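Asks: Below, each chain spelled out in residue letters.
Number of protein chains: 2
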Amino acid sequence: MMVSGNGLPLFGVILAGGSGTRFWPLSRSQYPKQVLRLLGSESLLQATIERLLPRIPITRLAVVSNAVQADVINLDLFRKGWTDIRVWLEPQGRNTAAAVGLAAVLLPRETDTEIMAVFPADHYIGNQADLFKALDQGAELAQAGYLVTFGITPSRPDTGYGYIKAGEAVDGAGQGFHCAAFIEKPELNRAQAFLQEGGHYWNSGIFLFRREVILDALARYLPDLYHELNLLGEGNQSVEEAYQKISGISLDHGVMEKAGNVVVVPADLEWSDVGTWEAFYNLLDQDSRGNAVVGRAEDMDSRNCLIFAQNRLVATIGLEDVIVVDTADASLVCHRDRVQDVKILVERLTRLNLVESVQHPTVERPWGHYRVLAHGPFYKVKEIVVAPGKRLSLQLHQYRAEHWVVVEGTPMIHIGRENMAVPVNESLFVPLNTPHRLENPGQEPVKIIEVQTGAYLEEDDIVRLDDDFWRLSEGATQGRSGHPPCSLP
Amino acid sequence: MMVSGNGLPLFGVILAGGSGTRFWPLSRSQYPKQVLRLLGSESLLQATIERLLPRIPITRLAVVSNAVQADVINLDLFRKGWTDIRVWLEPQGRNTAAAVGLAAVLLPRETDTEIMAVFPADHYIGNQADLFKALDQGAELAQAGYLVTFGITPSRPDTGYGYIKAGEAVDGAGQGFHCAAFIEKPELNRAQAFLQEGGHYWNSGIFLFRREVILDALARYLPDLYHELNLLGEGNQSVEEAYQKISGISLDHGVMEKAGNVVVVPADLEWSDVGTWEAFYNLLDQDSRGNAVVGRAEDMDSRNCLIFAQNRLVATIGLEDVIVVDTADASLVCHRDRVQDVKILVERLTRLNLVESVQHPTVERPWGHYRVLAHGPFYKVKEIVVAPGKRLSLQLHQYRAEHWVVVEGTPMIHIGRENMAVPVNESLFVPLNTPHRLENPGQEPVKIIEVQTGAYLEEDDIVRLDDDFWRLSEGATQGRSGHPPCSLP
Numbered sequence: 025m026m027v028s029g030n031g032l033p034l035f036g037v038i039l040a041g042g043s044g045t046r047f048w049p050l051s052r053s054q055y056p057k058q059v060l061r062l063l064g065s066e067s068l069l070q071a072t073i074e075r076l077l078p079r080i081p082i083t084r085l086a087v088v089s090n091a092v093q094a095d096v097i098n099l100d101l102f103r104k105g106w107t108d109i110r111v112w113l114e115p116q117g118r119n120t121a122a123a124v125g126l127a128a129v130l131l132p133r134e135t136d137t138e139i140m141a142v143f144p145a146d147h148y149i150g151n152q153a154d155l156f157k158a159l160d161q162g163a164e165l166a167q168a169g170y171l172v173t174f175g176i177t178p179s180r181p182d183t184g185y186g187y188i189k190a191g192e193a194v195d196g197a198g199q200g201f202h203c204a205a206f207i208e209k210p211e212l213n214r215a216q217a218f219l220q221e222g223g224h225y226w227n228s229g230i231f232l233f234r235r236e237v238i239l240d241a242l243a244r245y246l247p248d249l250y251h252e253l254n255l256l257g258e259g260n261q262s263v264e265e266a267y268q269k270i271s272g273i274s275l276d277h278g279v280m281e282k283a284g285n286v287v288v289v290p291a292d293l294e295w296s297d298v299g300t301w302e303a304f305y306n307l308l309d310q311d312s313r314g315n316a317v318v319g320r321a322e323d324m325d326s327r328n329c330l331i332f333a334q335n336r337l338v339a340t341i342g343l344e345d346v347i348v349v350d351t352a353d354a355s356l357v358c359h360r361d362r363v364q365d366v367k368i369l370v371e372r373l374t375r376l377n378l379v380e381s382v383q384h385p386t387v388e389r390p391w392g393h394y395r396v397l398a399h400g401p402f403y404k405v406k407e408i409v410v411a412p413g414k415r416l417s418l419q420l421h422q423y424r425a426e427h428w429v430v431v432e433g434t435p436m437i438h439i440g441r442e443n444m445a446v447p448v449n450e451s452l453f454v455p456l457n458t459p460h461r462l463e464n465p466g467q468e469p470v471k472i473i474e475v476q477t478g479a480y481l482e483e484d485d486i487v488r489l490d491d492d493f494w495r496l497s498e499g500a501t502q503g504r505s506g507h508p509p510c511s512l513p
Numbered sequence: 025m026m027v028s029g030n031g032l033p034l035f036g037v038i039l040a041g042g043s044g045t046r047f048w049p050l051s052r053s054q055y056p057k058q059v060l061r062l063l064g065s066e067s068l069l070q071a072t073i074e075r076l077l078p079r080i081p082i083t084r085l086a087v088v089s090n091a092v093q094a095d096v097i098n099l100d101l102f103r104k105g106w107t108d109i110r111v112w113l114e115p116q117g118r119n120t121a122a123a124v125g126l127a128a129v130l131l132p133r134e135t136d137t138e139i140m141a142v143f144p145a146d147h148y149i150g151n152q153a154d155l156f157k158a159l160d161q162g163a164e165l166a167q168a169g170y171l172v173t174f175g176i177t178p179s180r181p182d183t184g185y186g187y188i189k190a191g192e193a194v195d196g197a198g199q200g201f202h203c204a205a206f207i208e209k210p211e212l213n214r215a216q217a218f219l220q221e222g223g224h225y226w227n228s229g230i231f232l233f234r235r236e237v238i239l240d241a242l243a244r245y246l247p248d249l250y251h252e253l254n255l256l257g258e259g260n261q262s263v264e265e266a267y268q269k270i271s272g273i274s275l276d277h278g279v280m281e282k283a284g285n286v287v288v289v290p291a292d293l294e295w296s297d298v299g300t301w302e303a304f305y306n307l308l309d310q311d312s313r314g315n316a317v318v319g320r321a322e323d324m325d326s327r328n329c330l331i332f333a334q335n336r337l338v339a340t341i342g343l344e345d346v347i348v349v350d351t352a353d354a355s356l357v358c359h360r361d362r363v364q365d366v367k368i369l370v371e372r373l374t375r376l377n378l379v380e381s382v383q384h385p386t387v388e389r390p391w392g393h394y395r396v397l398a399h400g401p402f403y404k405v406k407e408i409v410v411a412p413g414k415r416l417s418l419q420l421h422q423y424r425a426e427h428w429v430v431v432e433g434t435p436m437i438h439i440g441r442e443n444m445a446v447p448v449n450e451s452l453f454v455p456l457n458t459p460h461r462l463e464n465p466g467q468e469p470v471k472i473i474e475v476q477t478g479a480y481l482e483e484d485d486i487v488r489l490d491d492d493f494w495r496l497s498e499g500a501t502q503g504r505s506g507h508p509p510c511s512l513p
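Residue numbers (the numbering used here), protein chains in the order written: chain A, 25 to 513; chain B, 25 to 513.
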């Protein structure tokens with residue numbers, strides 16, 4: 025795919041602040057849907073960016089996410105080497121109107137000749153060429169001053185999507201239609217009527233508009249939100265101050281359903297919002313009995329089931345329309361008709377303060393990953409894998425000592441004043457308050473087993489003295505170096 | 025419960041050789057159903073023995089099992105301090121006719137005045153007093169020369185059990201009936217007719233007979249089997265030789281259905297063969313929606329389900345008649361109508377050579393237990409827990425070194441010529457070929473994290489130099505000291 029040469033220049037804003045509770049137990053509040061590698065080897069966020077790069081240069085892309093997800097979002101971008109993408113962090117999620125408004129305010133001034141193109145970070149689009157064609161059409165309309173939304177030509181009477189009803193064709197351009205109505209997720213018979221009738225499109229969440237056009241619309245339809253963002257844009261309050269006063273509303277509800285200059289560009293895309301386990305099931309290959317199986321599973325006679333076995337053996341017998349998702353520390357077994365309720369379940373787990381709603385036992389890091397193998401009140405056992413050529417920060421711990429046994433590879437280990445290559449089957453002790461660093465200078469992964477001992481064993485007992493990544497600054501609300509969050513344009 | 029003083033003396037034979045594949049993934053071929061603690065804190069085998077002890081002295085009990093299960097059976101008895109119970113090991117399972125015949129041959133000669141009472145090791149019986157009453161009645165009939173079987177008064181038209189149809193009352197005794205027919209698991213309408221009609225009993229698998237009466241019956245109805253066991257009994261061949269020539273058949277099919285002197289003693293017991301996950305579900309308390317939940321589970325709106333969460337969080341939504349069993353390394357999700365097929369599933373897993381059909385990650389030992397936390401081609405990480413007052417064997421390994429970190433308790437550790445108390449947060453290295461021993465002299469459990477390194481990491485790389493248990497003898501076909509397997513009476 026070549027960079028499209030004909031279209032108007034675009035500035036891409038990727039909304040990546042979703043919590044993705046509907047994909048529990050694969051997603052967690054600290055590991056949201058957009059960084060899941062659900063479809064192939066790339067995360068949904070990575071695939072979204074990869075898809076756009078032939079059309080929008082990397083220096084004209086920004087990712088809007090929120091503070092608690094800063095690490096995983098940064099890591100996801102870092103893994104692809106995308107250090108030039110802006111990351112704008114909201115102090116907390118306030119729905120899409122605020123995120124789009126924040127992006128409009130933070131957009132670099134030199135991009136005023138460009139169209140803002142807003143994309144969800146966590147959708148699937150199969151046919152890139154058709155997307156680009158629709159983007160070019162939409163950009164023309166956005167340039168002309170319209171608020172442009174993308175409507176996907178429906179392939180089935182899906183009751184999980186919102187619909188847009190197209191009205192009169194826009195004069196001249198001929199590729200877009202005035203929006204006659206926004207329709208929330210309809211009942212099945214209504215969705216069937218839409219499909220038969222034609223002229224109804226799935227609401228994709230993709231928007232195009234000029235910066236001043238969306239700011240004008242926000243000023244008119246969401247004046248309170250506009251006021252706070254404007255103060256922020258003028259440097260008269262911080263993003264934290266602004267967000268404390270902003271209430272959450274979607275761009276659809278807040279602006280698109282009210283404004284008169286909204287048009288829909290129909291796009292015949294292979295598209296899914298990957299919104300539930302059911303939507304994911306529909307994207308997978310299914311066998312002759314309608315089962316979609318991922319991972320290590322043995323089935324007898326089940327029909328129309330999704331079996332997702334992340335690392336353990338899952339055996340199923342005689343199920344129908346059931347979704348089984350098995351992860352290292354939690355399992356979900358859910359009837360397919362009830363996938364919308366996974367969100368409610370996770371809210372319940374969160375109220376119960378269960379760690380399984382927050383994080384996975386395996387935690388990804390810019391240098392590799394670690395997995396908690398066991399823990400007790402005064403000890404924790406981790407398997408630590410350092411990727412070739414990477415190293416952890418130079419760090420020390422105030423409350424825990426660490427025992428390391430090298431089981432794969434040959435790390436360079438720095439402890440106190442010593443620096444040594446440590447072969448397999450050697451062990452080392454890292455006392456309290458001692459600077460240390462684990463480095464993999466080799467070509468293969470290094471694996472060590474770490475036994476931590478101490479009365480306090482949380483991850484925040486870490487003082488970083490030097491780091492190859494973006495992690496010397498304090499707190500999660502900082503962006504990556506070079507791109508502090510919400511700096512003015 | 026006092027020892028019943030009125031009944032004839034009994035010698036109890038407990039058949040504990042079942043593989044229990046129907047309780048996968050909780051049971052494994054190396055961890056069969058009879059040692060599962062399904063109902064309360066005792067294993068089914070322990071509960072079976074405990075139930076009999078007021079009626080049959082421990083020195084008049086024998087457990088028949090098979091060689092591959094020797095360790096877990098011995099351990100299960102050892103845990104209760106039952107070192108006086110005979111354990112007779114078959115080289116491999118050959119069904120109940122062989123097991124009962126072997127017991128008859130091995131029965132101590134001085135017990136010829138006693139009635140052999142045969143019990144499955146893995147059934148549930150709620151009301152001990154009624155069991156003892158029925159045993160006393162049955163013993164009278166056995167004394168009179170009958171082959172006595174126990175029939176449970178059915179409480180529902182269960183299609184999972186075999187039935188015995190009672191014929192004429194036995195003259196004089198008045199408490200038993202000649203058997204008119206043995207009926208395999210019937211269809212539902214037939215089972216309903218049995219219940220309505222009366223005079224039909226569930227076949228409990230409990231038998232009473234005099235030793236020479238069952239041997240005569242075996243000689244008549246299973247002459248080949250009798251011939252081999254007789255050679256064994258006369259010291260003219262080993263149990264291995266005999267079992268190579270014996271073919272497997274149940275006592276019911278081989279003898280009881282054919283012999284004329286078979287009587288059934290009806291017993292109104294709270295009884296279950298605990299034969300499937302469905303039978304287990306029926307023994308559990310169920311909530312108002314019919315769900316039986318064991319462990320850490322969160323449900324939304326499921327009905328009539330069994331949720332068994334051994335150690336991880338299991339969430340269920342909108343299921344009906346589904347059984348979910350979640351263990352450390354494998355999960356089963358099975359429709360309740362299909363519990364009989366778990367056996368077939370496990371056969372498939374075994375053909376596929378999957379370790380999950382053989383053993384659990386947590387392995388019980390007489391001194392405590394260990395759990396494999398992680399493993400790779402050249403390393404294995406274990407959490408080892410030593411019970412207070414216990415110690416492992418004095419041992420060495422030829423192919424692996426071990427790193428130990430003490431994380432709980434204060435073990436005494438013997439390595440080479442040293443013997444030392446090692447506090448928490450200390451680590452030690454155990455080189456190849458070095459005698460070592462881990463001991464817990466304290467009042468609390470000792471826990472260590474062990475990282476093994478080497479090219480061969482299987483459990484059989486162990487040379488035991490001294491052991492507190494029965495494990496110095498080689499190979500699994502040896503019984504415990506004092507009771508070599510299948511020694512002549």
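Simulated from the structure, these hints should not be mistaken for lab results.
Owing to the predicted nature of the structure, the values given are computational and were not obtained by experimental measurement.
There's no promise every hint is true.
Because identical chains share one entry, a pair is satisfied inside a single copy or across any pair of copies.
Unchecked claim - Calculated pairs, SDA-like style, for lysine to any residue (alpha carbon to alpha carbon, straight line, at most 20 Å): (1) K367 to G342; (2) K189 to G392; (3) K406 to E463; (4) K414 to E294; (5) K282 to N457; (6) K414 to E468; (7) K414 to I486; (8) K189 to R61; (9) K269 to P447; (10) K189 to L60; (11) K189 to E208; (12) K282 to K414.
Asks: For every hint, state whether the structure bears it out.
Replies: The hints, checked one at a time:
1. In this homomeric assembly, K367 and G342 come within 20 Å of each other (Cα to Cα) only across copies, at 14 Å, whereas the closest approach inside a single copy is 27 Å.
2. When the C-alpha separation of K189 and G392 is checked against a cutoff of 20 Å, the pair qualifies neither within a copy, at 48 Å, nor between copies, at 68 Å.
3. When the C-alpha separation of K406 and E463 is checked against a cutoff of 20 Å, the pair qualifies only within one copy, where the shortest distance is 17 Å, while the shortest distance between copies is 25 Å.
4. Taking identical chains as interchangeable, the C-alpha atoms of K414 and E294 are never at most 20 Å apart, the minima being 38 Å within one chain and 64 Å between chains.
5. Taking the closest pair of Cα atoms, K282 and N457 never come within 20 Å of each other, the shortest separation being 60 Å inside a single copy and 80 Å across copies.
6. Proximity of K414 to E468 under the C-alpha cut-off of 20 Å is restricted to the intra-copy arrangement: shortest distance 11 Å within a copy versus 42 Å between copies.
7. In the homo-oligomer, the alpha carbons of K414 and I486 lie at most 20 Å apart inside one protomer (19 Å), although the nearest pairing across protomers, at 38 Å, exceeds that limit.
8. In the homo-oligomer, the alpha carbons of K189 and R61 never lie at most 20 Å apart, since the shortest distance is 33 Å inside one protomer and 61 Å across protomers.
9. In this homomeric assembly, K269 and P447 never come within 20 Å of each other (Cα to Cα): the closest approach is 56 Å inside a single copy and 55 Å across copies.
10. Proximity of K189 and L60 under a CA criterion of 20 Å is satisfied in neither setting, with 32 Å inside one chain copy and 61 Å between copies.
11. Only within a single protomer do K189 and E208 lie at most 20 Å apart by alpha-carbon distance; the minimum there is 11 Å, versus 65 Å between protomers.
12. Taking the shortest alpha-carbon separations for K282 and K414, neither the intra-copy value of 51 Å nor the inter-copy value of 76 Å comes in at or below 20 Å.
Comparing the model with each numbered hint stated earlier shows that hints 2, 4, 5, 8, 9, 10, 12 do not hold.
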